[in-house]
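All chains should be modelled from the sequences, with the hints used to inform the complete structure.
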Amino acid sequence: MGYQLNFAPVWRDFDLLLSGLALGLVMAIFSVLVVGNLIGLAAAFAMTSRSTALRRIASAYVTIIRNLPIFFLMLVTFFVLPQQFGIRIDKVQAFVGTLSIYAGAYLTEVYRGALLALPKGLREAGLAIGLTEGQTRLWVILPVMLRNALPALSNNFISLFKDTSVAAAIAVPELTFYARQINNNTFRVIEVWSVCSLMYVAVCYLIAAGLRVVERRLAIPR
Amino acid sequence: MSKPVLEILGLHKKFKEIEVLKGVDLEMEPGDVVSVIGSSGSGKTTMLRCVNLLEDFEQGSIRIDGEEIGYTAAPQRRRRKESEIARQRSMTGMVFQQFNLFPHLSALGNVTLGLTKVKQLPKAEATAIAERWLERVGMAERRNHYPGQLSGGQQQRVAIARAIAMNPKVMLFDEVTSALDPELVNEVLNVIKSLAADGMTMLLVTHEMKFAYEVSRRVVFMNQGRIEEQGAPEAVFHNPQSKRLADFLKNAKF
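Here the protein sequences line up with chains A and B, keeping their order.
Its first residue numbered 1, the first sequence is counted upward by one per residue in this note's numbering.
Its first residue numbered 1, the second sequence is counted upward by one per residue in this note's numbering.
Please keep in mind that the hints were generated in silico from the structure rather than gathered at the bench.
Just so it is clear, CB atoms sit at the ideal spot from N, CA and C, and this is done for glycine as well.
Heads up, some of the hints might be wrong.
Claimed, not checked - Restraint ranges, calculated between C-beta atoms of paired labels, are given here:
1) B/Lys253 x A/Thr63: 49 to 55 Å
2) B/Glu67 x A/Pro221: 39 to 45 Å
3) A/Ile57 x B/Lys253: 38 to 44 Å
4) A/Gln93 x B/Gly41: 47 to 53 Å
5) A/Leu116 x B/Glu183: 50 to 56 Å
6) A/Thr48 x B/Lys193: 46 to 52 Å
7) A/Thr48 x B/Arg78: 44 to 50 Å
8) A/Leu116 x B/Glu67: 24 to 30 Å
As the list claims (entries may be wrong) - Which bits of chain B does chain A cover? Going by a derived footprint, with three or more residues having C-beta under 8 Å, they are:
9) 4 to 10
10) 101 to 114
11) 127 to 138
12) 161 to 171
Printed below as a string of structure tokens:
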């Protein structure tokens, strides 16, 4: 007696899976591309700055956060903050906060690498025409550095998007959470997890393809 | 005698413990073209970078049009505010050995950036000025090319246009042909010559002796952080007074 595939229960709740996927994407985009990016840029500039204090703070942040598992960080945020410090946050906020801090540490390294790869003469050329340090950063360093960082950024974005699945453990209603729920309610194990897998793969593939288009669009002609 | 446009007085500069400038004095009048020659490590480039405020210096002063740059006048000598330094930097135009064009901007964009962001000119006016200078250095037809699409000589000509478009009081050239293939050197030197003929004040660090001889009003020989000898090109090249200059010229290529 073989296992009879039956996708009907999965399709019945497919809108749940879709809404879970959408929540995961929204959380990733906000945490990684908005907050994480800002943290990463700021910390990367801090790490390459002349101030020892700034360098130490930024490097302590990266060392600590990058060396802790995101699952652990999420549990700390979700359980310790409210209990010990009385900070009331819901589970989505807790996860978005966790992912932002976590992504920031990875993106710091991405941007630090991109900054170090720039020729020293670029900054000097900006200064030499009379731009201030800040203007040089804004009009010269950032545009060149961001382009160089784009391949590594898309790689990290995909990886961090997949990390949204750990939020299922604190009942954030994202894709993995709903997949498990459908699995528990219907016992359609193979069906639900294969559909869910395909959804992750398809979305990550599309993200990568989309970012490659952006890369090509922004590429410096040579 | 007209008022000097650039005065360097007792300039001292150390990198850590090593003193690379040990009291340099130099004066330039408007329209002067001065070439600085000397072996590597003699301090020529460092002096130029001090004038552009890309290097700190511990002692001495640099004045442009009578204005003390980089630091407030002694005895309360302290480094000026960053915005002030940026303004003073734009009084000199620097051309680098490695061109250092902004790779993400077209030739035109490279020249207009300073005009729009530093001089805050409207875009149309900045473009008109940039196009005029690109034309002047023979790069008008390639104004929409990016640095990566240009040869070294072409990049360096754009870099000259970028610096001079800011209307600096003194142009500084730091071994601007050293990174170029031999066949591209002349197109850059010709541009510099024609700017000299127009009366642009220029301070050049160069290894091109023939060019220094032809273009300069004065040649300065630096050795171990000091100006060892200076004078008209004929005097410096044909009748060196110091043994060090004589030795240097013996080994230099013309």
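These are the hints, each one checked on the structure:
1. At about 53 Å, the beta-carbon gap between B/Lys253 and A/Thr63 stays in the expected band of 49 to 55 Å.
2. In this structure the hint that B/Glu67 and A/Pro221 lie 39 to 45 Å apart at CB holds, the actual value being about 41 Å.
3. A hinted range of 38 to 44 Å is violated for the C-beta pair A/Ile57 and B/Lys253, which are about 52 Å apart.
4. The beta-carbon spacing between A/Gln93 and B/Gly41, approximately 60 Å, falls outside the hinted interval of 47 to 53 Å.
5. With their beta carbons about 34 Å apart, A/Leu116 and B/Glu183 fall outside the hinted range of 50 to 56 Å.
6. A hinted range of 46 to 52 Å for the beta carbons of A/Thr48 and B/Lys193 is inconsistent with their spacing of about 40 Å.
7. Here the CB-CB span from A/Thr48 to B/Arg78 is close to 26 Å, at odds with the stated 44 to 50 Å.
8. Judged by the Cβ atoms, the range 24 to 30 Å given for A/Leu116 and B/Glu67 is violated: they are separated by roughly 36 Å.
9. Counting residues of the segment 4 to 10 of chain B whose C-beta sits closer than 8 Å to any C-beta of chain A gives 0, which falls short of three, so the coverage hint is violated.
10. Only residues whose C-beta sits within less than 8 Å of a C-beta in chain A count toward coverage, and the segment 101 to 114 of chain B has 6 of them, enough to reach three; the restraint holds.
11. Residues of the segment 127 to 138 of chain B lying with their CB closer than 8 Å to a CB of chain A number 0, which falls below the three-residue condition for coverage.
12. Only when three residues or more bring their CB closer than 8 Å to a CB of chain A does the claim for the segment 161 to 171 of chain B stand; here the count is 3, and the claim holds.
Violation of the numbered hints given earlier is confined to hints 3, 4, 5, 6, 7, 8, 9, 11; the remaining hints are satisfied by the structure.
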